[in-house]
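Chemist: Knowing the structure of chain A, use the given hints to seat chain B on it.
Here the protein sequences come in this chain order: A and B.
The numbering used here numbers the first residue of the first sequence as 1 and each following residue consecutively.
The numbering used here numbers the first residue of the second sequence as 1001 and each following residue consecutively.
Hints were generated in silico from the structure; no laboratory data involved.
It cannot be assumed that every hint is accurate.
Said to hold, decoys possible - Once the Cα atoms are required to be at most 25 Å apart in a straight line, the calculated DMTMM-like pairs of lysine to aspartate or glutamate come out as: (1) K228/A x D169/A; (2) K228/A x D152/A; (3) K1228/B x D1152/B; (4) K1228/B x D1169/B; (5) K1228/B x E148/A; (6) K1228/B x D169/A; (7) K228/A x E1247/B; (8) K1228/B x D236/A; (9) K1228/B x D152/A; (10) K228/A x D1236/B; (11) K228/A x D1152/B; (12) K1228/B x E1160/B; (13) K228/A x D1169/B; (14) K228/A x E160/A; (15) K1228/B x D1204/B.
Below, each chain spelled out in residue letters.
Number of protein chains: 2
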Amino acid sequence: MTYCLALNLDQGLILLADSRTNAGVDDISVFGKLFTWSLPGAADSGGPEARTLGLMTAGSLSITQEIVALTEEEIDTAADGVETIATAPSMFRVAEAFGAKMRDVQNRRGPQLAAAGVSSAASMIVAGKIGAGPGEIFLIYQAGNFIEATRDTPFLQIGETKYGKVILDRVLTAETPLSDGVKAALLSMDGTVRSNLSVGAPFDLAVSATGAHGWLRRRIEADDPVYKQLSDQWSDQLRAGFMALPELPLTD
Amino acid sequence: MTYCLALNLDQGLILLADSRTNAGVDDISVFGKLFTWSLPGAADSGGPEARTLGLMTAGSLSITQEIVALTEEEIDTAADGVETIATAPSMFRVAEAFGAKMRDVQNRRGPQLAAAGVSSAASMIVAGKIGAGPGEIFLIYQAGNFIEATRDTPFLQIGETKYGKVILDRVLTAETPLSDGVKAALLSMDGTVRSNLSVGAPFDLAVSATGAHGWLRRRIEADDPVYKQLSDQWSDQLRAGFMALPELPLTD
Chain A
1 MTYCLALNLD QGLILLADSR TNAGVDDISV FGKLFTWSLP GAADSGGPEA
51 RTLGLMTAGS LSITQEIVAL TEEEIDTAAD GVETIATAPS MFRVAEAFGA
101 KMRDVQNRRG PQLAAAGVSS AASMIVAGKI GAGPGEIFLI YQAGNFIEAT
151 RDTPFLQIGE TKYGKVILDR VLTAETPLSD GVKAALLSMD GTVRSNLSVG
201 APFDLAVSAT GAHGWLRRRI EADDPVYKQL SDQWSDQLRA GFMALPELPL
251 TD
Chain B
1001 MTYCLALNLD QGLILLADSR TNAGVDDISV FGKLFTWSLP GAADSGGPEA
1051 RTLGLMTAGS LSITQEIVAL TEEEIDTAAD GVETIATAPS MFRVAEAFGA
1101 KMRDVQNRRG PQLAAAGVSS AASMIVAGKI GAGPGEIFLI YQAGNFIEAT
1151 RDTPFLQIGE TKYGKVILDR VLTAETPLSD GVKAALLSMD GTVRSNLSVG
1201 APFDLAVSAT GAHGWLRRRI EADDPVYKQL SDQWSDQLRA GFMALPELPL
1251 TD
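This is chain A alone, in the form it adopts within the complex (with noise of 0.2 Å):
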């Protein structure tokens, strides 16, 4: 299982994924699920704009990496005059280009997945920003069919979502500081990982700051000691906050 999951706060776009896959509980392993481009664009000359560039992946293993080997590929080798994600002139184009690999990669690896039993199914979130445009997050399907969150629900995720949306409904909008929202982010992965033993640490963590491009990137292991603190320092709270809520009396 995966839990990846994206914020686009007024203050910068946060980007959080586990790190486990399994093939089965005694098959698991640890496999980056966070990738991100920072290009630099050549406008000046007429090229393409600078670009703040991220994916998380979810699913069918195989499926997704060859989704991020193919766009990379593809930004090295383009023809001049062919639009990849490295120029293509917005983020709806960049969201739209990974759906089409998508598309291109289920219906070529489909069918012998299905005929094996094995599922191909699949989910991506695509963050970003183009020049002085605004972050924007896409979550694609399956089907290369993608939805782009608004800011009455600044937040995407894909995997294992439930454990984790309570927390983020709760405390969430797009005005969240920047570090508010990392923390929200970690203990929604926090929920999740203590209910569902298939999504696990390290986590990587990508953030880029509004009216900036680049990404500033931080891998957590479970014993990192700001993450622990968060963790048992919430649960403290948590059971504080519980002890002091009033009784229901328990007849009418």
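Modeler: Okay, now just chain B, sitting in the frame of chain A:
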């Protein structure tokens, strides 16, 4: 959808069920999913021991209503010497009786439902105690097989279980006092209702303290003032606790 949960605490049993059923989002009704029996017994005259029994249901309403109807009919009409949940000597045998009903009804109705493209999926939680015996809770699956909760994880859930599990994992143990157990159950329900529209109020609550027979039952409407205060205060405390958490440095 449905969300029901049962807590088996040292101080007693707690059952909580939502009451929303839907046949599509355009066809939503209120149906009770919590059924309780309080049977005085006749141990003095060699009859069955007193018992306090509860049932919560999820899944196909036609399947689970038939199970309840058959169970009620059997209690009323069983010939002397024929075991029913009113005379079974142990909670294990009570769970087995509900499991057998599930198998019967699935065998009779399942194929026709499947032919019509309708799911017959259903699950149930059985809770109770017999005589001076301990409280026990069981989760009965569609095939009629079942598991019993143990002290390590003293709760069971059916229906939309994931949103409400994180809070239970964080605050609940078998030693949790009964009044705190009720709060934890309501917060678990509150988190689920916020995330899944097809789970909704009113909620049915039943509590039976250890050492006594019979249920305290209460129906909780969405605008119940104590429930609303619990929900609002919890949200406020979560936000306050959240703000007090340490910040994660973004670079290693």
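Chemist: Please write out, lowest number first, the hints stated earlier that are contradicted by the structure.
Modeler: The structure conflicts with hints 2, 3 and 5, although it agrees with all the remaining ones.
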